[in-house]
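So the sequence lines, in the order shown, correspond to chains A and B. In terms of the numbering used here, the first sequence has 42 at position 42, counting the first letter as 1, and numbering is strictly consecutive. In terms of the numbering used here, the second sequence has 37 at position 37, counting the first letter as 1, and numbering is strictly consecutive.
This list has only true hints and no planted wrong ones.
In this list, chains with the same sequence are indistinguishable; a pair is considered to hold if it fits within one copy or across any two.
Dumping the calculated SDA-like pairs for lysine to any residue here, alpha-carbon to alpha-carbon at most 20 Å:
hint, residue 1, residue 2
1, K56, S70
2, K38, A92
3, K37, V59
4, K39, R12
Please keep in mind that the hints were generated in silico from the structure rather than gathered at the bench. None of the values given here were measured: they were computed from a predicted structure.
There are 2 protein chains.
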Amino acid sequence: MSKSVTGPEIERLIQLLAKLPGLGPRSARRAALHLIKKKENLLIPLSAAMAQAVEKVRVCETCGNVDTTSPCTLCTDPRRDNSTIVVIEDVADLWALERAAVINATYHVLGGVLSPLDGIGPEDLAIASLVDRIDNATIPVKEVIIAVNATVEGQTTAHYITDQLEGLEVKITRLAHGVPVGGELDYLDEGTLAAAIKSRSGF
Amino acid sequence: MSKSVTGPEIERLIQLLAKLPGLGPRSARRAALHLIKKKENLLIPLSAAMAQAVEKVRVCETCGNVDTTSPCTLCTDPRRDNSTIVVIEDVADLWALERAAVINATYHVLGGVLSPLDGIGPEDLAIASLVDRIDNATIPVKEVIIAVNATVEGQTTAHYITDQLEGLEVKITRLAHGVPVGGELDYLDEGTLAAAIKSRSGF
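Just chain A, with the same shape it has in the complex:
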């Protein structure tokens, strides 16, 4: 049924675009056609941007962020507070925190969470490198904020990391649970409501 309508070059472009998250086979075709139609304004610039990314983007050896330098811009920024490390699952979480611009700390990307069912153990995550990093820090690390997702795997991972950091003189904290800003109580689960009541504060 997958009769090739176009040349192999266009078919290959469609197949690869379909592997992007958010694009399926049909929307990949639309995207490919859009690219071909907007050759000057989109296909050529995007092709160049990808070639640049292939050549320049690397993973930061310190924190696991992706950037064009290693150590990355955040790790080498002198205005950053190196005494606080925010531990996150994924680079996307780092980006989310940076967009929110809520903390001027450095980061440590785990690269996932513990998940025995998927065969992901501690050795698959950047946990040993976190311990090393705190051990060998030139500026002593005072606080580690474990900002993993509020899932079962995330919380298991948080506990595992807490155990690994035992004995190091560092304060370990985690994100607050509660009602999301703008959230409606009616739509929240019981666990969130219970946490919000428990951690209530005075006006």
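Once you've looked at the hints, dock chain B against the given chain A.
Frame of chain A, contents of chain B only:
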């Protein structure tokens, strides 16, 4: 608020990905990160596929299809019936008809529909080239199937093309209206139901 989290190369990749249909700013970030993480299996092949497309893909001078040759594979295929031309709005429609594999004709891509409000007149569409093509065909064109979308603009365009082809010895047909295969009557509009009743056929 759009503080740059990553280097300019990654920001530029995200901005360009966000211009693809089906991807917004947020999903473009996810796509960029996915590309960077799957550098060997996705970013490098996709970058190469785009470079290939930039270099090789062109618009067919006869029918307006996109391909790596001009005239395109369909126009030069000796097994194609050159005496029938299917007129469509967009290359995507050509691909849809070819996937359905319902007709062995050649095509003519208009590149849009008449839309005075958007400033799209007959000179912006491949209508004159359709008339020329029929006029100068080595194999006489017997039938033109106007397969534009069943929208107001589409139907206006169909009428305009019919007028332009007047005087040429060619049969002009259009797609049938009716109930889509697998469609439920309850969800169809009155116009479609009226057309389906009017064009009803015996078992």
